[in-house]
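Using the sequences and the hints, build the whole thing.
Protein chains in written order, with the working numbering: chain A, 2 to 86; chain B, 194 to 852.
Just so you know, these hints were derived from the structure itself, not from any lab.
Backbone N, C-alpha and C fix where the C-beta goes; we use that ideal spot for every residue, glycine too.
Any given hint could be a false lead.
[As the list claims (entries may be wrong)] Under the rule of at most 25 Å between Cα atoms (straight-line distance), these lysine to any residue pairs were calculated in the SDA-like manner:
#: 1; chain 1: A; residue 1: K26; chain 2: B; residue 2: K471
#: 2; chain 1: B; residue 1: K395; chain 2: A; residue 2: E44
#: 3; chain 1: A; residue 1: K70; chain 2: B; residue 2: K432
#: 4; chain 1: B; residue 1: K728; chain 2: B; residue 2: R781
#: 5; chain 1: B; residue 1: K704; chain 2: B; residue 2: L720
#: 6; chain 1: B; residue 1: K471; chain 2: B; residue 2: E455
#: 7; chain 1: B; residue 1: K366; chain 2: A; residue 2: V41
[As the list claims (entries may be wrong)] Example chain B residues on the side facing chain A (calculated, C-beta under 7 Å, incomplete):
#: 8; residue: K290
#: 9; residue: L397
#: 10; residue: Y399
#: 11; residue: Q402
#: 12; residue: F638
#: 13; residue: F640
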Amino acid sequence: MEKKSNILPLSKVSEGKKVLVKDIKNAVVKNNLSRVGIFVDNELFVTKKGWGNSPIALQKDELEIAIRKDIADLIEVEILNLSNE
Amino acid sequence: MSDSKKFLLVGCPNSGKTTLFNALTGLHQKTANYSGVTIEKYIGHFKIQNTLIELIDLPGIYSLYPDSDDEYLSVNEILNSNYDGVVLVLSAEQLHKSLLLALQVVDLKKPLIVALNMIDEAEKKKIEINISKLSELLNTQIIPTNARTHQGINELKKQILNINISSSVFYDKNILPENFNNYSNWINYVLQSDKHSEIIEKDLNYKNQLVQYIASRCVSQKNFIQKNKIKIDYYLTHKIYGFVFLLLTLLLVFQMVFFIAEFPMEWIESSMNFFSEKLQSILPPTQWTDLIINGIVPGITGVVMFIPQIALLFLMIGILEESGYMARISFLMDSIFSRFGLSGKSLIPLVSGVACAVPSILSTRTITNTKEKLITILVLPFMSCSARLPVYTLLISLIFPENQYYGFFNIKGLALLGLYLLGMIMALIYAFLFHRFIQPQKKNFFFIELPSYKIPYWKNLIFIVWNKVKVFVGDAGKIILAVSIILWYLSSHSFPDVEKKLYEKYSVLQKQVANTDSLNVLYKTELLENSYAGKLGKTIEPLIHPLGYDWKIGIALVTSFAAREVFVGTMATLYSANDDDVSTLRERIQSAKYPDTHQPVFTLATNVSLLIYYALAMQCISTMVIVYRELRSVKWVIIQFLIMTGTAYLLAFISYSLI
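Spelled out as structure tokens, the structure:
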């Protein structure tokens with residue numbers, strides 16, 4: 002049986018999931034996230050989502066930010082707490 | 194002899210920077226705009242020993258790599274202006290977030306002192322910070338502060354004169370291109386070009402490792418779960434409950450701006466009327482008296498009248514911002530508004546636009562994205578403001594003279610609702626079109642920081658309200674006053690020989706007639722008819738004839754440019770009725786006929802056409818002034834005027850032709 006990959010765009014992750022940032026596919030987005038302290042290999046918590054999956058609120062330490070779906074599409078993440086799916 | 198020094202206050206958004214600024218400078222502050230733009234900088238003063246300190250509160254930045262216009266201006270000021278030192282504000286509550294900026298500022302090699310602010314919030318969250326270690330690593334003096342209680346403020350003031358340049362270096366010289374011998378030159382170069390994202394990425398990654406290292410040495414947090422915050426946040430941002438709470442909040446804002454502001458506004462209006470009457474009884478009947486009573490006093494009234502609405506609107510916005518709820522409103526509304534090119538933060542300006550567009554346009558400054566702010570300003574005047582209400586009331590009563598009911602619903606109420614909806618729908622349609630056709634000068638990376646909830650600090654609210662009112666009176670007020678004087682001149686003056694003939698005619702009549710009151714009303718009517726504004730009304734008659742309007746409506750269109758409600762007053766003068774007696778005016782208007790055809794002027798088609806015109810046309814000089822003030826662009830003011838008035842004209846024409 003084919004093993005299901007658990008790496009997916011951040012926009013597709015549901016609320017309450019902890020994720021690991023694997024890749025950010027746009028240099029501008031990558032640098033802007035870095036400015037607020039979010040880097041590849043960081044763990045994030047998807048706290049809430051708006052209607053139509055946008056915006057998506059992410060928490061890292063004490064910082065909570067919300068980004069739009071088009072930006073979340075460019076961030077590849079791995080879900081860490083799959084057992085809760 | 195006293196000395197003076199200049200310092201910049203630099204920090205991340207939500208680091209308590211403005212509270213610290215207010216604590217340091219008190220009321221000794223003024224607002225200024227960066228040249229050519231409306232991004233504000235606050236300049237404050239305080240004295241230490243014999244030295245006068247000038248402190249400039251720069252817009253918040255996350256790093257020295259700017260993304261938005263206000264960040265760009267902050268970074269430019271840090272790099273290129275002359276000053277004696279930087280007061281860097283770090284949030285003790287979110288030190289991780291603030292450290293990147295701290296390392297970059299240290300690398301600029303400017304005299305620096307750090308205020309580790311919100312120390313109380315960190316304590317509440319059981320965050321422990323080893324300040325002496327942090328001070329050692331950054332090689333700079335750090336003063337722990339709590340700006341709300343003034344903890345550490347005196348110490349910060351004392352130490353501000355003893356600051357020095359940190360010897361620490363936090364950038365990797367191998368990462369920067371060879372020709373940049375210091376970090377300051379590199380950042381300056383980045384400001385002028387956006388083609389170095391790879392080097393920026395390397396620099397940010399390098400600094401992130403240092404941030405992690407410093408944080409691991411200086412910050413520790415015991416297990417802490419903020420249960421209440423999680424619960425409150427869950428409901429306030431919930432897809433259903435969140436909107437219910439938002440609706441209640443909007444209702445409160447609306448009540449404050451629309452109804453509560455009415456009391457002081459009425460008081461101001463009646464006081465100014467009283468003042469005007471007093472002046473009239475004291476001053477001799479000359480041109481200058483007329484200018485003061487009918488030009489300057491109404492102009493000042495037009496400015497002062499807005500103050501209660503502006504103050505209350507900004508008080509509410511201040512509470513929403515300070516509490517952290519504004520960010521949640523943006524989160525909730527962004528999913529809907531982003532489809533129309535608007536920001537989640539556009540909601541408050543759009544809703545308050547129902548009261549008045551002037552303060553609402555000022556409140557768009559909370560929208561950081563330039564394109565979204567522009568679109569919000571451009572479509573905001575479509576929202577039916579309170580000045581349209583007297584016009585709506587008069588015209589609806591012409592269409593539906595009697596109260597009719599459909600179930601619980603009064604037909605007049607439904608018509609009024611329809612007009613409000615028409616404005617909202619047009620605002621969304623045009624927002625969508627602007628979104629499609631306006632190319633952003635620079636693509637902003639959109640994100641909202643959701644700060645922790647806080648009880649609003651009353652002193653900050655006072656500063657917010659005070660500064661906004663000052664900006665309005667000082668900037669827009671002058672222009673509104675000047676324009677109302679021009680409109681007074683146009684509606685009270687005509688060619689000298691015409692004025693003279695009218696005066697002679699009514700002087701003779703006055704001797705023959707017993708009732709001079711009605712004669713005065715007729716004199717006023719004929720004066721207005723022959724004034725420059727009256728001539729203008731007659732000149733535009735061919736243009737407005739396809740909409741079903743005659744020259745009298747033309748005059749009202751011209752004079753109501755000062756404010757839409759002037760339409761009713763002008764109609765009252767033209768139809769020789771008392772301004773306050775709408776029923777008399779309605780009867781006179783209803784019976785008005787074209788002299789040649791004897792057909793009624795105000796038919797159903799004309800009334801509907803006028804209603805649509807007033808709902809959609811840009812008929813407010815104060816709004817145009819404020820739009821110019823905010824966008825600093827005549828081009829956008831003209832585009833907005835043409836689009837709104839063009840749409841109004843077209844739809845009024847279609848409705849007149851179809852009915």
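Run the structure past the numbered hints and jot down the numbers of the failing ones, going up.
Hint check: 1, 10, 11 fail, others pass.
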